[in-house]
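Novice: Residue-level listing of the chains:
Protein chains: 2
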Amino acid sequence: MQALHIIKIGGNVIDNSENLHRFLKDFTALEGAKILVHGGGKVATQIGESMGIEAQMVDGRRITDIDTLRIVTMVYAGLINKNIVAQLQCYGTNAIGLTGADGDFIRAKKRPVKTIDYGFVGDINDDSINPANISKLIDAGFSPVFCALTHDGEGQMLNTNADTIASALALALSGLYETTLVYCFEKKGVLMDVDDDDSLIREINPERYEQLKAEKIIHSGMLPKLDNAFTAISCGVKAVIIGHSDDLGNLKNEQGFGTRLSK
Amino acid sequence: MQALHIIKIGGNVIDNSENLHRFLKDFTALEGAKILVHGGGKVATQIGESMGIEAQMVDGRRITDIDTLRIVTMVYAGLINKNIVAQLQCYGTNAIGLTGADGDFIRAKKRPVKTIDYGFVGDINDDSINPANISKLIDAGFSPVFCALTHDGEGQMLNTNADTIASALALALSGLYETTLVYCFEKKGVLMDVDDDDSLIREINPERYEQLKAEKIIHSGMLPKLDNAFTAISCGVKAVIIGHSDDLGNLKNEQGFGTRLSK
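Read top to bottom, the protein sequences are chains V and C.
Counting from 1 along the first sequence, just add 2 to a position and that's the residue number in my numbering.
Counting from 1 along the second sequence, just add 2 to a position and that's the residue number in my numbering.
In case anyone wonders, no lab produced these hints; they're calculated from the structure.
Treat the hints loosely; a few may be bogus.
[As the list claims (entries may be wrong)] From the derived model, a few chain V residues whose C-beta atoms are all more than 10 Å from chain C:
| id | residue |
| --- | --- |
| 1 | N14 |
| 2 | D106 |
| 3 | D128 |
| 4 | E180 |
| 5 | L193 |
| 6 | N230 |
[What the hints assert, rightly or not] Calculated pairs, DSSO-like style, for lysine-lysine (alpha carbon to alpha carbon, straight line, at most 30 Å):
| id | chain 1 | residue 1 | chain 2 | residue 2 |
| --- | --- | --- | --- | --- |
| 7 | C | K112 | V | K27 |
| 8 | C | K27 | V | K138 |
| 9 | C | K27 | V | K111 |
| 10 | C | K254 | C | K116 |
| 11 | V | K44 | C | K44 |
| 12 | V | K240 | V | K111 |
| 13 | V | K27 | C | K138 |
| 14 | C | K254 | C | K189 |
| 15 | V | K138 | C | K44 |
| 16 | V | K112 | C | K27 |
| 17 | V | K27 | C | K218 |
[As the list claims (entries may be wrong)] The calculated label-pair distances, taken between Cβ atoms and stated as ranges, are:
| id | chain 1 | residue 1 | chain 2 | residue 2 | range |
| --- | --- | --- | --- | --- | --- |
| 18 | C | A134 | V | P114 | 55 to 63 Å |
| 19 | C | M59 | V | G258 | 28 to 36 Å |
| 20 | C | E33 | V | D69 | 37 to 45 Å |
| 21 | V | E217 | C | I68 | 28 to 36 Å |
| 22 | C | N18 | V | D125 | 26 to 34 Å |
| 23 | V | S52 | C | N163 | 21 to 29 Å |
| 24 | C | G34 | V | P114 | 37 to 45 Å |
| 25 | C | A142 | V | P208 | 32 to 40 Å |
| 26 | C | S52 | V | Q213 | 49 to 57 Å |
| 27 | C | E33 | V | G258 | 49 to 57 Å |
The beta carbon of each residue, even a glycine, is placed where N, CA and C say it ideally should be.
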């Protein structure tokens, strides 16, 4: 099977144009089929504020009311996505910027209201992805660039977490490609000591993961990330790599980039 | 050759959600390969104003300064384009929303400063279009939906007139498809008497056009539109049809929709 990299970046890359440009150069240098998934960044909040629309938070979680949905549709699918695409074209990646509505690639369900009404938030699982349609773009030589928006199939755009989109894409496409999922974040990877970048753990397999959890070296915030990663791996994703966006250029070197999780 | 319809809509459709939904249903009902090109509408101006950014006009023409470019990138490529795509998906068209940066489909040149600096406005000709890349999407069963944005190939998004994009697409794709270019506007078509919708002229060929000009039945604002249309036809476009967006459902009936310009 052909190799496919699915790389997710977040606000720490998008909010800094120097970091973003370096990352997009490294993304271009990566050989083979690839998909970029990007989150939002501070610009959505800033633009919302300049329009007099405050972010609505309940229990520390952002609520996507209709005004917020309009703003994220403008900022994620318009401003951020198209500037990334134009820059990638300049560097030589034949990028094509997408939401889940385009090509019916990712169809979500509006989150049901229980105690909190999250508004226009879409939940997805691996059935939400249309791998056959996405593979038409990849096989035609395009690099899809997804922002964190989906649709419900009934005309409604929805806001969906970018990490979740990246993971669902990797799972759904692992039947057609040998998929590697790469999460870029603000750390070098999984660290033995969270304050020491030199304590990077290069490789973790399921046994080592159980050990690291038992020794309480991996705890709190990293647990759901790694649990999800190992679930993806057990469902067919070849590897999940977690590392710093600045280091993506080292991905092609064996053991050069972040922490590699695999069977 | 396979038939391809390229249909352009403007603000009069986009600004009215009832008109837009009827149009998108009619677009879906149209059989065969098709491309939609849409302009902006009032919402870009409204959102600019809500952010405290006034439209800059010089000699009645809008100037695309950097703030205006940000707004049109958000509104055209984000808000309008993705809502059209989500709605088309609901009706059953496998739409994919695009700017000229995506897939390197339309590469423009920033307009040189002479007496007026138009800012980030991109001029195109038929060399600007990448028909091979666009045909990959069409042949894969997607319906491209273009907004009025292009790029310069060096990382810069540019604002380009939607009529011009539609016409350049029709010309460039006429080597691969039997292209018909459809302009939707606020009139039934070319009228013998501009105040009488029943005076619609159904067909105009180049000889009839010369006659109508000589008789001063066609004058002022219609002249550049029709001149451009007949240039496109002489360069390989099969026909150009001008009609009201509300009537698109009649396009499949012979002589049912607007004014048909052809050889």
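Novice: If a hint holds in the structure, say so; if it doesn't, say that too.
Specialist: Each hint tested on the structure:
1. N14: holds, 21 Å
2. D106: At roughly 5 Å from the nearest Cβ of chain C, V:D106 sits no farther out than 10 Å, so the non-interface label is violated.
3. D128: holds, 20 Å
4. E180: holds, 22 Å
5. L193: Given that every Cβ of chain C is farther than 10 Å from that of V:L193, nearest at about 35 Å, it holds.
6. N230: Its Cβ never comes within 10 Å of chain C, the nearest being 27 Å, so this holds.
7. C:K112 <-> V:K27: holds, 24 Å
8. C:K27 <-> V:K138: holds, 26 Å
9. C:K27 <-> V:K111: holds, 23 Å
10. C:K254 <-> C:K116: Distance of about 45 Å is beyond 30 Å: violated.
11. V:K44 <-> C:K44: At roughly 27 Å apart (the allowed maximum being 30 Å), C:K44 and V:K44 satisfy the hint.
12. V:K240 <-> V:K111: holds, 28 Å
13. V:K27 <-> C:K138: holds, 26 Å
14. C:K254 <-> C:K189: With a Cα-Cα distance of about 19 Å, the restraint between C:K254 and C:K189 holds, given a limit of 30 Å.
15. V:K138 <-> C:K44: violated, 35 Å
16. V:K112 <-> C:K27: Satisfied, since the Cα-Cα distance of roughly 24 Å is no more than 30 Å.
17. V:K27 <-> C:K218: violated, 58 Å
18. C:A134 <-> V:P114: 55 to 63 Å: violated, 45 Å
19. C:M59 <-> V:G258: 28 to 36 Å: Given about 54 Å between the Cβ atoms, the range is violated.
20. C:E33 <-> V:D69: 37 to 45 Å: holds, 38 Å
21. V:E217 <-> C:I68: 28 to 36 Å: violated, 53 Å
22. C:N18 <-> V:D125: 26 to 34 Å: This hint holds: roughly 33 Å between Cβ atoms.
23. V:S52 <-> C:N163: 21 to 29 Å: holds, 28 Å
24. C:G34 <-> V:P114: 37 to 45 Å: Between C:G34 and V:P114, where Cβ atoms are some 40 Å apart, the hint holds.
25. C:A142 <-> V:P208: 32 to 40 Å: holds, 38 Å
26. C:S52 <-> V:Q213: 49 to 57 Å: holds, 55 Å
27. C:E33 <-> V:G258: 49 to 57 Å: holds, 53 Å
Going down the numbered hints, you'll see the structure goes against 2, 10, 15, 17, 18, 19, 21, while the others check out.
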